[in-house]
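S.K.: So the chains spell out like this:
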Amino acid sequence: MGAAARLRIVYTTVHRDRVMNRDGSPPDQVPSEPPEEERDLTPVVGGWTDVAPLAAHPAHERTADEDAPLADWDRVAAMPAFRRLIARKVRFVSAATVFYVVYYFALPVSVGYFPRFMDRRVIGPVNLAYLFALSQFFMAWLLAFVYVRVAARFDGMSREVLAELDVQRGGR
Amino acid sequence: MSTPLLMFLLFIAVTLAITYWASGRSKGASAYFAASRRVTGWQNGIAVAGDYMSAASFLGIAGLIAFQGYDGFMYSVGWLVAYLTVLFVVAEPLRNAGKYTMADVLAYRLNPRPVRAMAALSTLTVSTFYMIAQMVGAGALVSLLLKGSGVTFHGAVVGVGVLMIVYVVFGGMLATTWVQIVKAVLLMGGTILLSVLVLAHFHFDLGAFFDAVTRVTYHDKGVEVTKNFLQPGLRYKPPYGALDLISLGLALILGTAGLPHILVRFYTVPDAKTARISVVWAMVLIGGFYIMTTFLGFGAATIVGRDFIDSHGGVNMSAPLLAQAVAGDVFFAFISAVAFATILAVVAGLTISASTSFAHDFYTNVIHRGTERSPGEEVRVARITAFVVGAIAIAIAIVLGPKANVAFLVGLAFAVAASANLPVIVLSLFWRRFNTAGAVSGLACGLVASIVLILLGPGVRGAERAVFPLENPGILSIPIGFLGAVVATLLTREPAAEQRYNELLVRANTGLGAERAVNG
Numbered sequence: 001m002g003a004a005a006r007l008r009i010v011y012t013t014v015h016r017d018r019v020m021n022r023d024g025s026p027p028d029q030v031p032s033e034p035p036e037e038e039r040d041l042t043p044v045v046g047g048w049t050d051v052a053p054l055a056a057h058p059a060h061e062r063t064a065d066e067d068a069p070l071a072d073w074d075r076v077a078a079m080p081a082f083r084r085l086i087a088r089k090v091r092f093v094s095a096a097t098v099f100y101v102v103y104y105f106a107l108p109v110s111v112g113y114f115p116r117f118m119d120r121r122v123i124g125p126v127n128l129a130y131l132f133a134l135s136q137f138f139m140a141w142l143l144a145f146v147y148v149r150v151a152a153r154f155d156g157m158s159r160e161v162l163a164e165l166d167v168q169r170g171g172r
Numbered sequence: 173m174s175t176p177l178l179m180f181l182l183f184i185a186v187t188l189a190i191t192y193w194a195s196g197r198s199k200g201a202s203a204y205f206a207a208s209r210r211v212t213g214w215q216n217g218i219a220v221a222g223d224y225m226s227a228a229s230f231l232g233i234a235g236l237i238a239f240q241g242y243d244g245f246m247y248s249v250g251w252l253v254a255y256l257t258v259l260f261v262v263a264e265p266l267r268n269a270g271k272y273t274m275a276d277v278l279a280y281r282l283n284p285r286p287v288r289a290m291a292a293l294s295t296l297t298v299s300t301f302y303m304i305a306q307m308v309g310a311g312a313l314v315s316l317l318l319k320g321s322g323v324t325f326h327g328a329v330v331g332v333g334v335l336m337i338v339y340v341v342f343g344g345m346l347a348t349t350w351v352q353i354v355k356a357v358l359l360m361g362g363t364i365l366l367s368v369l370v371l372a373h374f375h376f377d378l379g380a381f382f383d384a385v386t387r388v389t390y391h392d393k394g395v396e397v398t399k400n401f402l403q404p405g406l407r408y409k410p411p412y413g414a415l416d417l418i419s420l421g422l423a424l425i426l427g428t429a430g431l432p433h434i435l436v437r438f439y440t441v442p443d444a445k446t447a448r449i450s451v452v453w454a455m456v457l458i459g460g461f462y463i464m465t466t467f468l469g470f471g472a473a474t475i476v477g478r479d480f481i482d483s484h485g486g487v488n489m490s491a492p493l494l495a496q497a498v499a500g501d502v503f504f505a506f507i508s509a510v511a512f513a514t515i516l517a518v519v520a521g522l523t524i525s526a527s528t529s530f531a532h533d534f535y536t537n538v539i540h541r542g543t544e545r546s547p548g549e550e551v552r553v554a555r556i557t558a559f560v561v562g563a564i565a566i567a568i569a570i571v572l573g574p575k576a577n578v579a580f581l582v583g584l585a586f587a588v589a590a591s592a593n594l595p596v597i598v599l600s601l602f603w604r605r606f607n608t609a610g611a612v613s614g615l616a617c618g619l620v621a622s623i624v625l626i627l628l629g630p631g632v633r634g635a636e637r638a639v640f641p642l643e644n645p646g647i648l649s650i651p652i653g654f655l656g657a658v659v660a661t662l663l664t665r666e667p668a669a670e671q672r673y674n675e676l677l678v679r680a681n682t683g684l685g686a687e688r689a690v691n692g
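Sequence lines, in order, name chains A and B. Under the numbering used here, the letters of the first sequence match residues 1 to 172, in that order. Under the numbering used here, the letters of the second sequence match residues 173 to 692, in that order.
The set of hints was computed from the structure by calculation and includes no laboratory data. As the structure is a computational prediction, the values presented were derived from the model and not from experiment. Every residue gets a Cβ at the ideal spot worked out from N, C-alpha and C, and that includes glycine. Check the hints yourself; a few may be wrong.
Stated by the list, open to error - Below, a sample of chain A positions facing chain B; criterion: calculated Cβ distance under 8 Å:
id: 1; residue: TRP73
id: 2; residue: ALA77
id: 3; residue: LEU85
id: 4; residue: VAL93
id: 5; residue: TYR104
id: 6; residue: PHE105
id: 7; residue: GLY124
id: 8; residue: PRO125
id: 9; residue: VAL126
id: 10; residue: ALA129
id: 11; residue: TYR130
id: 12; residue: ALA133
id: 13; residue: ALA140
id: 14; residue: ALA144
id: 15; residue: ALA151
id: 16; residue: SER158
Input sequences plus hints: build the corresponding full structure.
M.R.: Right under this line is the structure:
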């Protein structure tokens, strides 16, 4: 367990009444009122009603966990594993995008400028224009299917980046 | 009581039960705005499809194909291919780096207040225009479908408006999601059944079906004409037809990825991978649906006929009248109820995206600089906004009346989404140099260009008096949006935005620090 997580636990134990959900809403279990006779009549300061939500915490009020930046973004961005992930992703997405944009716009261009040619009957009464339009559906499905397969590799690569980051941070 | 009315009431009862169930699970911002981010992949996929397949596509496309043949089918194609843009470019980065709205991703590394203010304006514009189009359509349709049960246009508009306010105010995103799912299942079921019945009419002989489509007879200004409905060019004619088709295609494939009510759906799932899976689910449903518009539209053209549709409520009644022709009154009632469910679900989706954007982007982040002054304030503001937005939409729809030509409003929504929203989303994710001035200018240029070009176009001014010859402004307004963003960026320098690009890049691509699902 890292120092930050330990600090968080200490903080949580000491200031039970200040802890709240991430989005600033009150905690799910509000500490129950102690029975009348043993109730401490000192005014309560810092209950969830009079503390600003997390986003508004002044710097000195933040827990160590909130204060620590999630990561050194520039360093992650420079990691070879991350650079490889981005390069692969950009290569696939740009190639796929060029492909479907060209394939898609071939339809309105051919239908708009060469309506006679596109009206040629191919299978029985069905013309080229309709078949080409229909093929767009299968193109889209196929490309989506391919992307899901490829993206599973991206997921693996991004897990590697995060794992490497954890090792560097000492297993936090 | 008539059968359609009975089916309407049944659907309303089911959705109100869902809303009651969801209202207990919508405490807290993440629960209210994003259904606690615990919607599964297939659920969200169906909900995306439900949000997307509006009355414009169910009734509008069926009618367009029934009246103008092949050119109507061009919409169907674009509406599916558009999801490749959503899949490749926006769904995953948005889920990884954002919280509740489209502007979250933009505000990450840019100066949040001006960017959020502009993004909220653009979101509200798209949502309210789209909503008004749906409301007017709903009013006209419901009063037509329920003719004889005493429901008027005004009554129908108020009814739809009140229901959508109830769903959103009490049930939040969770109720909206399940209303979408119920509606999408009904819509798919109805469409499959209708398609099978159309094929049965032709004894399951596809050749005979398409043969009939090549010889559709109807009366045009009293003269009997026979046309091949598979032939392109019945709607988009020279000299500008081809350009209009290309422009339409641009608005569809770029606009979908900028529609706020679709984008917010990706915040309801636990992580980016689920967001991706849900796009694929949505594509299966949406693709299947739009292929079947072949049978709906051409079926109406051949079995019912244009003349009959014209004299029984007009182009938007094509699908319900087809149902009546192939399977009688009960099926007509069912398809009418499906159409009604479609409209209700879509307006609910629009209302929640508009109110989320106002509360989260404008109220909390622009006015109060990112702090809630009391716990739950953001959700409270969103609920009030949902109420106000609904009330305004009801009022405008009533003022416009049932005869208003609102088709251009749907085109406008897509044009604004493609010309204002998409350029800044793409540039902020992929261009390190991009900055605040560029985002504000891109949003403003795209928004103004789309509105002005639509106002000058044939949809508003009529074909003769149109200054801008195309119905779809995308081919001009999208480049204007991009240009506005790029030029303003190059004219200014914002080192802070460039420095924070690495953070956005890492977050968007690894999911590090992404919003988690909450137990609830």
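S.K.: What are the numbers of the hints the structure violates, in ascending order?
M.R.: Of the numbered hints, all hold.
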